[in-house]
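Student: All the letters of the sequence shown, read from the start, carry residue numbers -36 to -1, 1 to 122 under mature numbering (1 follows the signal peptide of the UniProt record, and there is no 0).
In short, the hints are calculated from the structure, not lab data. It cannot be assumed that every hint is accurate.
The calculated SDA-like cross-link candidates involving lysine to any residue, where the alpha carbons are at most 20 Å apart (straight line), are [claimed, not checked]:
| # | residue 1 | residue 2 |
| --- | --- | --- |
| 1 | 23 | 67 |
| 2 | 80 | 106 |
| 3 | 122 | 21 |
| 4 | 80 | 105 |
| 5 | 80 | 21 |
| 6 | 27 | 121 |
| 7 | 80 | 4 |
| 8 | 122 | 44 |
| 9 | 122 | 45 |
| 10 | 23 | 97 |
| 11 | 122 | 14 |
| 12 | 122 | 9 |
| 13 | 80 | 122 |
| 14 | 117 | 27 |
| 15 | 122 | 67 |
| 16 | 23 | 81 |
| 17 | 122 | 31 |
| 18 | 23 | 87 |
These numbers come from a predicted model, not from an experiment.
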Amino acid sequence: MVARLGTISFKNGTQFLHITLLILLTSSFDWSSCNAIDCTYSWSPPNDGFSNVHVCVVKDLAKNAITTYFCSWCGRNDGQPASAWNCFDWDVERQEAGGKLWGGSFDCPHGLGQNKDPMLSWTCVRNNPAVASNRIERRCASHHLLQQCPENKCWVYK
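Given these sequences and hints, build the entire structure.
Tutor: Laid out in structure tokens, this is it:
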């Protein structure tokens, strides 16, 4: 009887071990960036300059190098748009600051990139049919969600 109970507990222990290993392996994998390039310096969708490609620029801080990728498609695996934190109005037509602060996260569906402003170092781009350029830029304190582009849809610009 003791041997029989020992056998049963051993089988249950093995099943428990397998399930535990499966959970540990799947939870440690980062599903949100699976084979994706994070556009850490800037990203822009197809536009007048590059009509058929997304432009994803990656800055490698360790090497102090910038790599530009052309991509046939970009989009985050979690379905969220690129976004930035704490954005301030910027009038593209007059190239001067407006007066409204947009606190929190702000979607940037038409581009996101770094600029030289030390306080608001990111520029977030959105379409706005109300202005002549059909776009509005916001200067932002930091990025929130960087755009991602699948590695298999990108090539290095040389």
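Student: Checking each numbered hint in turn, tell me which of them this model violates, lowest number first.
Tutor: Numbers 1, 8, 9, 10, 13, 14 and 15 - these are the hints that the structure violates, sorted from lowest upward.
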